[in-house]
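Asker: Below, each chain spelled out in residue letters.
2 protein chains.
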Amino acid sequence: MDRPVAVDAMGGDLGCEVAVEGAIQAFNEFGIHSIIVGDEAQIKPILQNKFNYKGSEIVVHHADEVITMHDSPAQAVRKKPRSSIRLAYELVKEKKASAVVSPGNTGAVMATGLYVLGALPGILRPAIATLLPKVGDALPTVFLDAGANVECDAAHLVQFALMGNYYAQVALKKERPRIALLSNGSESSKGTDTIRSAAVVLGQLKELNFIGYVEGRDLPRDIADVVVCDGFVGNVVLKAMEGSVELVVDSMRNYVGDSVRGKVGLWLAKPLLKSLFRDKLDPSSYGGAPLLGLSDLAIICHGSSNGRAIKNAMRVAQDFVREKLLERIEQSLVSLEEGVSEDPIHDGVWARMGMRFEKKKRRDNV
Amino acid sequence: MDRPVAVDAMGGDLGCEVAVEGAIQAFNEFGIHSIIVGDEAQIKPILQNKFNYKGSEIVVHHADEVITMHDSPAQAVRKKPRSSIRLAYELVKEKKASAVVSPGNTGAVMATGLYVLGALPGILRPAIATLLPKVGDALPTVFLDAGANVECDAAHLVQFALMGNYYAQVALKKERPRIALLSNGSESSKGTDTIRSAAVVLGQLKELNFIGYVEGRDLPRDIADVVVCDGFVGNVVLKAMEGSVELVVDSMRNYVGDSVRGKVGLWLAKPLLKSLFRDKLDPSSYGGAPLLGLSDLAIICHGSSNGRAIKNAMRVAQDFVREKLLERIEQSLVSLEEGVSEDPIHDGVWARMGMRFEKKKRRDNV
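Those protein sequences? They're chains A and B, same order as listed.
Sequential numbering from 0 applies to the first sequence in numbering that gives the first Met the number 0.
Sequential numbering from 0 applies to the second sequence in numbering that gives the first Met the number 0.
Hints may contain errors.
Only pairs whose alpha carbons sit at most 25 Å apart, straight line, appear in this in silico DMTMM-like list of lysine to aspartate or glutamate [stated by the list, open to error]:
| id | chain 1 | residue 1 | chain 2 | residue 2 |
| --- | --- | --- | --- | --- |
| 1 | A | K205 | B | E16 |
| 2 | B | K49 | B | E93 |
| 3 | A | K189 | B | E16 |
| 4 | A | K189 | B | E241 |
Over 12 Å on every C-beta distance to chain B, these chain A residues come out as not near it, computed from the model [stated by the list, open to error]:
| id | residue |
| --- | --- |
| 5 | D1 |
| 6 | R124 |
| 7 | L181 |
| 8 | R351 |
A few chain B residues that face chain A, going by a derived Cβ cut-off under 10 Å, partial list only [unchecked claim]:
| id | residue |
| --- | --- |
| 9 | A118 |
| 10 | G184 |
| 11 | V232 |
| 12 | G306 |
Derived by calculation from the structure, the hints in this document are not laboratory data.
For each residue, glycine too, the CB sits at the ideal point set by N, CA and C.
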């Protein structure tokens, strides 16, 4: 019997109704149980009256504080100990829930997760992994870090690649996903010092199918399954892609203004364009972005997630718990520990990762 | 009488015919004189037989070496002293031409320019400035660095903002262009340490209308006139935007496959979509990207530039020379030198820029 998923009902832009709707759909479609965390006085009437739910598979756990999009992550942890996101993580820590799903403030979801659950042993920093659609029928690209870590060193990038590898195995069902670093050209001379160091280490790890660098324009092409970058670049790239889709759509509208033929054409094509954006480019169809590297699983949804997005995130959370995604990542880090090479760059990056193992071991021995 | 523009005929993907075609069009439409630099045996027959040109406003300057897209920039400078791009810069140095236009290897155009002409006094590093289209009728965004400098410190970013400011004054005819740094959020707490330091200094420069940070999705919106980032981020962002346009177009094609209504609609709208990409999203309509910060002007065109793109780049080069763009940048740097504040971050960044002035002055006094 799976544990229920803890759903943060308070952090999203559209209020707590989307969480209730998602929980109802997740139970009806997949039999997933849930604990909705948030203001009981708001949530219970929606659950019981609006959705007419009387069962015991979906329960409400009261939280009387809310972290908004304007709260700083550090403040959220310190000043709001009874927030819905904090209590959702506490439920996971107490083994009452298997994973957290939240459409709230990304920084706060990360900071609170680290505070309550801590990182997986050996992991320097968790990262946000998102799925980017590709052209044609190809499976999407696992893209990380999508924004959790603004400044990263080579050891961070190597760990992101490892986490992305196991995520892609589970999410894309590919045994040896093609792993790449995002760079400013495909030649090995390209990239920053940090990226080149990470490439040296990744090239030596037999566990990974590392294929080198890809460029920005390769993201939607079927070249790599996992693309790794720091969280600053990840944030800027994702938002720029969003902006350029907006530009294309706007430009079409403007151009069409002048021509009867174009007007009729786009009017006819409009339902298709709408479904295109809904099904292929809408992140809600992928069910949110996992925060990889915490000692338990959290899924971050877009702030404007609807019920369908929350439902999909809950399904993804349950899949990943069943497939033991985090155990795979942890196991891979332990087995890597024995692979130190003679290469000085490798050793330097390695020392950054290995040190944490040492500390952890010492803690374990006490 | 304007000096002619030196056109590198050998570096582009489409051979030397596009340079000849661009030079012919630039003369016919704008009366611009030019020196086409490259293999005489290839260029003269095209000029005289194919285009039937017999005048003296377009001349050919022989160069018997070619820098390809595969040559490393450093090798290009050292090992090919008679390359077309090198000789084009030499013509500018000898005051026989006013500016260089090249569709060649970007790194080689930059490295050769620095070697032959050097940087503007006070400029730490030249940057590539490109124009990005915006939604609606808004003027484009000046975006730099588009890829010349992979690792940048705060002083570089401040100088890019200054150069972008004068470029926007000339190219967009805006007296006080809105200047922004590209970041992972609009709050001042966002960004890397480098970006935050640059923001402190830019906020103190009265010469600039600095508006703070913009996000990736703001690039095509009418929020800033000049957006500054390092060349790694610039390269990745531009290529990712290109990739996402490709994704949208491909997705439309795929969706349409299933529906008669959609098929008819997109077939009707197709000429409009084509003209959209040609006129609004095609960089050739903007005439290439200036390499700002050399002591004379160079315009880098896309490797696959056609004659129209070369022509537009030549027009832009002539405009910038007439409008004294580089003199404005140089003058602004000299006047800034007196503005040192009490702020330690400002002073640190300043020292990086000021040091160069000191050296330059000492050289001048000798």
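Asker: Indicate, hint by hint, whether the structure satisfies it.
Answerer: Results for each hint:
In summary, the hint linking K205 of chain A to E16 of chain B is not supported, as the alpha carbons are separated by about 49 Å, beyond the 25 Å threshold. Only pairs whose Cα atoms come within 25 Å are accepted, and K49 of chain B paired with E93 of chain B is rejected, the gap being roughly 31 Å. Taken as a hint, the K189 of chain A and E16 of chain B pair is broken in the structure, with Cα atoms around 31 Å apart against an allowance of 25 Å. About 20 Å separates the Cα atoms of K189 of chain A and E241 of chain B, which keeps this hinted pair within 25 Å; it holds.
With a least beta-carbon separation of about 35 Å from chain B, D1 of chain A lies farther than 12 Å from that chain, consistent with its non-interface assignment. Interface exclusion of R124 of chain A from chain B stands, the closest Cβ pair being 15 Å apart, more than 12 Å. With 12 Å as the threshold on Cβ separation, the claim that L181 of chain A sits away from chain B is violated: the shortest Cβ distance comes to roughly 6 Å. Residue-level check passed: R351 of chain A sits 19 Å from the nearest beta carbon of chain B, beyond 12 Å.
The interface hint given for A118 of chain B is violated, since its Cβ lies 21 Å from the closest Cβ of chain A, which is over the 10 Å cut-off. Taking 10 Å as the C-beta contact cut-off toward chain A, the hint placing G184 of chain B at the interface holds, the least distance being around 8 Å. The beta carbon of V232 of chain B comes within 6 Å of a beta carbon in chain A, closer than 10 Å, and the hint placing it at the interface holds. Given hint, G306 of chain B at the interface with chain A, is violated; its Cβ is 24 Å from that chain's nearest Cβ, farther than 10 Å.
The structure does not agree with the numbered hints 1, 2, 3, 7, 9, 12 stated previously, though it agrees with the rest.
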